[in-house]
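Enquirer: Protein sequences, first through last, are from chains A and B.
Here the first sequence stands for residues 242 to 404, numbered as in our numbering.
Here the second sequence stands for residues 982 to 1698, numbered as in our numbering.
Keep in mind that the hints were calculated from the coordinates and are not lab data.
It cannot be assumed that every hint is accurate.
What the hints assert, rightly or not - Simulated crosslink set (DSSO-like; lysine-lysine; CA at most 30 Å straight-line):
#, chain 1, residue 1, chain 2, residue 2
1, A, K370, A, K356
2, A, K370, B, K1190
3, B, K1333, B, K1203
4, A, K324, B, K1233
5, B, K1231, A, K244
6, A, K370, B, K1583
7, A, K244, B, K1232
8, B, K1231, B, K1221
9, B, K1233, A, K244
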Amino acid sequence: MSKYTLTVNGQSRSVDVAPDTPMLWVLRDSLGLVGTKYGCGIGECGACTIHVNGSPTRACQTPVSSVGRSPVTTIEGLDAAGKHPLQQAWVELDVPQCGYCQAGQLMSAAALLRKNPRPSDADIDAAMKGNMCRCASYVRIRAGIKRAAELRSGGVSEKGGER
Amino acid sequence: MKTTRESSSSPVVDRRQFIKVSALAGGGLLIGTYLRIGEQVAYAATTTAENFAPNAFISIAPTGAVSIIAPNSEMGQGIKTGLPMIVAEELDVAWENVTIVQGDLNPAYGRQSSVGSGSTIANYTPLRTAGATARAMLISAAAQTWNVPESECTTEKSAVIHSASKRRATYGDLAAKAATLSPPANAPLKNSKDFKLLGTRVAGVDNPKIVVGAPLFGIDVKLPGMVFATYTKCPVFGGKPKSANLDEVKKKLGVRDAFIVDEVPGLTPGVAIIADTTWNAFSATESLKVQWDEGPVASQSSGEMAKQADAFAKATPPAALPAGVKAVEAAYHYPFLAHATLEPQNCTAVFKNGVMEMWTPTQIPGSGQGLVTRGLGLDPKNVIVHITRLGGGFGRRGSNEFSIEAAVIAKKLEGTPVKLMWRREDDFAHDNYRSNGWHYFTAGVDGSGKVVALHDAFVKMQGGPGDMTAGGFPFIAIPGSKVDSSKLPAGIPTGFWRAPGDNGNVWATQSFVDELAHAAGKEPLSFTLDLINAVPAPTTPGRGFDPAKMTAALKLATEKAGWGTARQRGDGMGFAITHTNNAYVAIVADVSVSRDGKLAIKKLTAAVDCGQIINLSAAEAQVQGAMLDGIGAAWFAKLTIEHGAAAQTNFDDYAMLRINNVPPAVDVHFIKSSAPPTGLGEPGLPAAAPAVCNAIFAATGKRVRTLPVIGEDLKWA
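Here chain B stands alone, though its shape is the one from the complex (with noise of 0.2 Å):
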């Protein structure tokens, strides 16, 4: 077993806040928000006035230019743009004047992980009360100034304004008083309905920077005098490296030492290669022969994995149907998925003076933080991480053994700067799959087409994310449903995947709810919309499973896809539903298979209710991308496990998503709504793939019941 899994929760925020303020060099303002968050409360105290510049969230010139730090990071999910324009939208300034920093790592930003579309979530209100903070604070500036009440003072882009007397400051002119006073405890945050910025279209921040090559991400960190390190893990997971033929490695070119390295804490074994150059280094790798101490995980395979997933099922009946009622019995599966990042794992690391620097793309920073701390036996002060711009994430880089790689070999390397480098084949290799899966689903029918039973014997691998309970859509709208879950043997990594959980369950729960239906003899629309609405109304508004939420966005979905048209053989389409990190998603697919069996998307239509939006164009991107994402993967991705190990080893042999698959017209439509915002880099994939294979089912007649739908013949005559 790896040890270097890391935590799946999250730090439980206390909702204490803090805001601090302090004068910027020059006479500017500083506004920092304080959030404590478990152990490191005492870190974050210990900022001092003098150095309290780094953790200002946001700091306004005399010039009148304006800095907001970005605190999590991007990974093309928006957020380096959107947390900003959260603080923009209450301090009343011009986005064009703001310039946005990425922070470091660092306990006064609060919640910096990037994962289970959380981010907005947590940000939303601190970052609205920071900048509503400083905009209360500049209006007290303006009134002292003036001498007249703050309740006749109004701003706008980036200045006070006072009416009456036709007075007019830019917040450039107030900084340097309004660094003077005390912040206000309460400093009232808008109502959605005067927002200017929040719900328009704004272009990532990064965009200008991206299209001329300038280096942003992670494995573009260039340090004077760097060096370039791979690390070999055993292709069998749980292995470690016996011996290795290092001396002749180290007479490749450009190669500066190959060591194994064994026996740090938090650390997979492996042996690590350092050279000149990035291709000297992956050339020397190839040369390197191991012999492996292969462990116990060698003797698990997918197909062995199969064979215990039926016999659990086997094991695990459902209990008898009352009589009269109709047995409807399936059995799904999926494969494990890698994440494939399209920026394979790295990091760069350097040792001096008993600190270490790092440069990571990853999405939970602290997390690399603390296997480094916990490795080397470091204080967490003296370890500095800089958030690189993340070449994919996915959920992948939520897991850091780059972090705590790069720094054993930074540590033996003292003073010498390393950037440890993952090729293609080692992201294959050694990834936190997402799980493989199987349902083994029956459900009764009565006479008049309800569902009166409903069983899940559920299989996954032991760890990472996605157990399943009867807690979700379609279990909550029957009553005495069941699902037995199992767990297959320990030893394969999974972790998160864009919409852990769900990116496997929901394809299959709604695939047989439109199997239900058909049994059912019921219109599939119909069908659903009584399911939904046989799920009681949440007891606390917000929370939960809302039927009324969700049935608006499938009638969206449905009239705007125009469901209901007669289609010919061949043509069909299909819908399908998820109810993700507490936003409502409704999507439409509409597929032809020709005769011989070839797909083609025509068109996807969604419907979403995300609460409040805060960037239309990313939220439009990412529900676009997710849908893609989620139909890519269900598609043409398999990854499979022999003799321990990955069996794919680089897009060659794990297919994606390519342009020419992606239909001609994927259309997005957000309900309106001032609720708080939901998560949104997720919510768009699991409801895709089950849309298109109900889809394939009114075409053709086939059922796809397992995954990838590349493997399954289509063929109708």
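Chain A with its partners taken away, still in its complex shape (with noise of 0.2 Å):
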């Protein structure tokens, strides 16, 4: 077991955990912080991506040790009174099915829109076909991303908790 202070959500979160733990269940279980979720525990489907250093990032990947004070933003961070616009056009097009992997998605959708913010069907494609989606909700992935791309550009500001 060590000790490692980390940067949740702009908040300083100490933990004590084995070295290799992955930040997905140091997120989930010594945290309280479920939103991240697991699917597969080998990077292959995109349900427990965070942000680290601003970065779409597997968690179930990420272990503890190499994080160090890295700004980490989960899902509960990026906005958590769900105003940021990707979480605006997911309820007002009513994107998810069973929801499962919608944390995933949308953190994955948070960092392409603040690189690219008016990305292509392509561009949609090549950053987000890490994410599965086992209900195949993808023709509303994409349009909630062209939405919230109209929102963002209308606006409608991204506060939340990206620091």
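Reassemble the complex: the two chains are provided individually, in unrelated frames, and hints are given to aid placement.
Expert: See the structure below:
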């Protein structure tokens, strides 16, 4: 066991876990942030996508010992009030089916929009193909990202916890 | 043979229905609908007025707040939103004032199984009746208060209105008085043309929670002092542990206990490991070494099954064809499929004071309760099941092994809550797979291009659904058609995978119908329409295959898709039809295949007759998702059995559909209907893959007769 102090959603959080513990389980079991989901444990499905230093990262492949004080953002920190343009678009277009993959989808999409405010279908496919949706809500995921891009350009801000 | 398979049959619902009313503390109204379901009647009947509240479908507080129970399991099919919409429609309550509460397992809620696209079908009339009854009582309360005839009162947005005297009372105002009245026996139901809510687009009620990562799913359940468990079973089906390095495992970080479990009725023997965190439980499981008694299933393999299927086909030839009739023969094969729900199986349980309390992501909560009741000798009243949201179902969570596994561990750890968590590898290794299947077709086409004979030698695994008779299309269109079926020896567990039976069989039959059209020298659309119209109209309206409805769906889909437009080589369109869960679905696929054999789907167009639409948003999402699910499985997915065990372990060797393979356009057209709703979680699936395969043939001249498509050579020159 080792002690780590992490920066999660803008807050300093301390945990005492084995060094090889993936961030996925640190978030879920130690910090009670269960929005980040376990799907495969091998970085194939994208359900556990978080941001580390603003980059989309598979939490199941990220040992806690590798994170240091790099800022970590989870779905709970994207915008706790659900006002991020992507969250608004997801609700407006009724994107989720079972909803299990959607935290990962939203985190990958948020990273995409920050780099590319008006992504094409091809841009979306390239950025999102690591995120599996078993219900195949893909048609609305594409539409949701485009709607969020519109909301963003129309002035909906991304305050959120991305720090 | 595993012993944890459960009965597939839904309980037979006795339609006698009991409306029960009682007062809500503080002067509100509660409406409960009692359905009698087989042996559970006694349990429901013991519910007393004092504890009636948990059984109420509807409660109306004096503040006007309306709460409606969602009795079924939400797994993405939209049932948690759709069923309360039915109540709200008849109640005439403003949707934005409604709070939806997930119901626990309770016999008072009627059919809580979410399988077979049956939840809406089973609950449509009971829930309409519950809503209409509550509305009638609120009208009575207002009419009595105002001393006016009930017939002069109307309702709108949670209020009763008496236009003549310009009086208006909210449901909240009336709730206390309504609770003192007797419910009417036959409250009138609305005419569907007056629906205001049903058929509109309503977003899923949990969406705001989903997008902020709030806890909803089984995996998210957290209880004070909870520990985490894995349960490792023999990779070879039917095998059991002889011994294991338990002393070594117990020394691993965070491990509380490790033990072999055997001899519990309904439980597959295995090794339980309990730790303080999920990761420590998973890590300790990695170090587990077990001596297995593999048993006889170890001799089974997919390759061996193919040989057995071939042998059956050779031993079951078709009848000789009449002179002058051309024989068309083709053999189709589809593999096993895993369900691969994105949320791996899990269950949280605590055993305290003789009561097992469980939080379960399950499609059939009653069967989970039954397993635990029988396995541990508990009374059903002492097995409480809370239904969580499900991270996907697709039929997988119709069986409940995880319930009994969690309960057995919780009983041993009496007083300590335990979350049983399957690793993804456990989920692939111990699924109830979609059965593999083989169809050996022989048809006879006469000189005029008419199909005069059809024979199918059909082989699948023993167990699970999907047995085929000559009762479906196209067999019912061809007099004298015959299906001889055989089952491979039992051993590999198979079960319900979205659109059971149809998910593979419709691919085979609809591909072969397209082959027959070409063999007959006919245009496929007119050929299929002729075949559809050779089916006799159903004797009971609304039951059985209705050629008029199927024709309407196929005509609409092909018209919207622009069927018949000339295509250059490498581009092609194909269509397929299905009658599944009593819905009629036709799908047109527009594909492109590069010279080097790379497939791209450009567009999917579906036409659907599913009766009355409940929630247009969810209906469209279900059809889009089901089509893509069917295509993804047919394109990429294959589970093989080697040495009696699943060869694939995770998503790196079991490919599934990703966004980059999704066509830019996936259009769904619904045929307007006021007929009762059919199921819709599954009907969009079966016709999608054959539409794509028929389009591949149109584009390349290559016929896909073995799935997955990714394994086929589609190169053309």
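Enquirer: Confirm or reject each hint.
Expert: Verification of the hints:
no.	hint	in the structure
1	A:K370 x A:K356	holds, 17 Å
2	A:K370 x B:K1190	holds, 24 Å
3	B:K1333 x B:K1203	holds, 17 Å
4	A:K324 x B:K1233	violated, 44 Å
5	B:K1231 x A:K244	holds, 23 Å
6	A:K370 x B:K1583	holds, 17 Å
7	A:K244 x B:K1232	holds, 21 Å
8	B:K1231 x B:K1221	holds, 20 Å
9	B:K1233 x A:K244	holds, 19 Å
Consistency with the previously given hints fails for number 4 only.
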